[in-house]
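**Q** Chain residues, written in single-letter form:
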Amino acid sequence: MIVKTIFSGFGGQGVLMMGLSLAHSAMNSGYHVTYLPAYGAEVRGGTANCTVAIADEEIASPVASEPDYLVAMNSPSLFTFQNKLSAGGTIFLNSSIVEDRPNRLDVKVCAIPCGDIAQELGNSRVANIIMMGIFIKKTNIVPAEMYLKNLELIMGSKKKTVAEVNRKAFAAGFDYVSDN
Amino acid sequence: MNKVLMSGNNIIGEAAIRAGCRFYAGYPITPQNELTEYMANHMRNTPDGVFIQSESEIAAINMIAGASAAGARVMTSSSSPGISLKQEGISSMAACELPGIIVNIMRGGPGLGNIRPSQGDYFQATRGGGHGDYRTIVFAPATCQELADLTMDAFDLADKYRSPVMILADGMMGQMMEPVVFKKPKARIYSEKFILQGAGTGKSKFIRGLILDAIDMEEHNWKLARKYKIIAENEIRYEEHQIEDAQMVIVAYGTAARIAKGAIKRLRDNGLKVGLFRPITLWPFPELNLRALSAKVKNFLVFEMSTGQMLDDVRLSLQGYAKIDFHGRPGGAVPTPSELANVIARNYDKND
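Residue numbers (the working numbering), protein chains in the order written: chain A, 1 to 180; chain B, 1 to 352.
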C-alpha cells in the first residue's frame, strides 16, 4: 500500500503543518513516510504546498505523479492540482473560501466549510486542524488518537491551552462528517 | 536509537556534529539555510563547538581550511552560486591536503538561477571544480538516511585521505523530511603530525600549496595523483536496483534516482523489465561496475535534472558497448515518475 497526499493552500493557513503532523503520525504508526514541502520565496498569503507519501514498503519517489488525496485550502490549490489526482481519489475542499468545484467526475469531493467552523470555535487559525479531523475520519490512515498525540509532540513546548484548542478543533472536524 | 523525522538539511548538521565536527563556517543561501541555522543553534551547545556566520562564502571555506590545519573536524555548506565562490579554497585544501566537508545543496543555474532543486553542478563537483590537478571525493545521497550515513562517512574519508570531500545533494533532498536513525560514528583516526599546534621547542611544520620549484611541484602533483588512484580503487559505491532481469537500465543519482525508482515501479507493473544503476560516489565514478552491466544489457537511459553532465561519465564507462539515451530536466524543474515512465517506455523497444 502506498498513499500520497498533497496539502495545499495560502501561506499562513498551516498547510505544511498539516502534512508534517500526518507524516509524523504515520511514522510513529510504523509506516515509511516522506514529507516534501514545496519551498520557495513564499510568505504569508503566497502559496504553499507539501506532498506526503505513506507506505508499508520503501518509498521510491517522494514526488507524486497521481496523488490519492488532495487537500485544497484555497481556490488556486484546486486549479493547480485537481488534474493530477488519480481517478477515484478524493479532493478535500475548504468550502468556506473555495467556491469552485472540480470539473472532473471521476473523483470524490468532500467540501467542508472549515473556515466557518473555525470561526464558530472562535479561532480562525484552526481551520487546518478541523480539516485534519475530516481527513483522518475519511481516510483512516492513522488512528485519531495517534494523530493528536503526534500533533502535540511537534507543537512542542507551546502552551498547554494550544493542545486543547487543537483537540477541540480536530473533534469538530472529525464529528462533522460520517466515515465511509 | 529511535527514528526521528528530520529535514535533509538538519540531518546533515546533526550527523556532522555526531561525527565530531567542531568547526562550521557558512554564509546563508537558499535552499540550504536550515543547515546553517541548525549549526548556529547546536554548535553553541556542543563542547568546543564553533559556529561562524562568515562575511562571505570565500571567507567560510578559508576559515575551515585554517581550522582543519589546526586539527578540527570541519564543514562548510552552501548552494550552487556559493559553491562556485568556494572553489579557490577547495583547490587550496586539496593542495595542502587538508580534510574538510563541503556540502552543496544544488539549485537551478547557471548564474544565480533559482532556488528549485537541480543537478547542474555535476561537472563542477566531479572535475575538481577549482584550478589545478586535483579531485574531490563526491557523495550523492538519495535518501535522508543516506544523508546521515554518508555525512559521517565523509568525515572519515576526508581524514583517511587528507582531502576535501563533497556531499552533493539538491534542494529537494535538503528540504524533504524522512525518518532517520543516526548510526554510531567511528572514532577519529588522524595523526597529530598533520596538525599545526605550535612547534614549541621542536621543528617547525609547514602546510602550504605554494611550491615554486617546478620539479617539487611536479612531485607533489604525482603524489596527489597516486592518492586519487588509491581512492578510485577503494572507495567506489553504487546501488543496483532490479537489474537481474533488466532489458533496460536507467542511470541516475540523488533525487533523480528516487524519481527513476518510482518510474521503474510503474513500468514493471506493466511488464517492462527496467532496472536502475545509481552511482553513490560520483567521483570516483563506478566506471567498471557500469561497464560490466553492458555485457547483458544493451539499452541504457541516463536521467538527470540537468542538460546532461553525468551522461559524459556514462559514455566513458560504456565506451560504445551499449546504446545510451538521455532525458533531462534542468533549471529547477522536477519531473514526476509518470513523466519519466513515459520517456522510458518510448525508448524501451528502440533499437537504432
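Note that these hints are calculated values from the structure, not bench results. None of the values given here were measured: they were computed from a predicted structure. A hint or two may mislead.
One side only, chain B facing chain A, incomplete, derived with CB under 10 Å [said to hold, decoys possible]: (1) K160; (2) G171; (3) R258.
The beta carbon of each residue, even a glycine, is placed where N, CA and C say it ideally should be.
**Q** Decide, hint by hint, whether the structure agrees.
**A** Each hint, compared with the structure:
Annotation: interface hint on K160 of chain B violated; nearest CB of chain A at approximately 30 Å, more than 10 Å. Nearest Cβ of chain A to the Cβ of G171 of chain B: about 7 Å, under the 10 Å cut. The hint holds. For R258 of chain B, the interface hint holds, the least distance from its beta-carbon to any beta-carbon of chain A being 5 Å, beneath 10 Å.
When the structure is compared with the earlier hints, a violation turns up for hint 1 alone.
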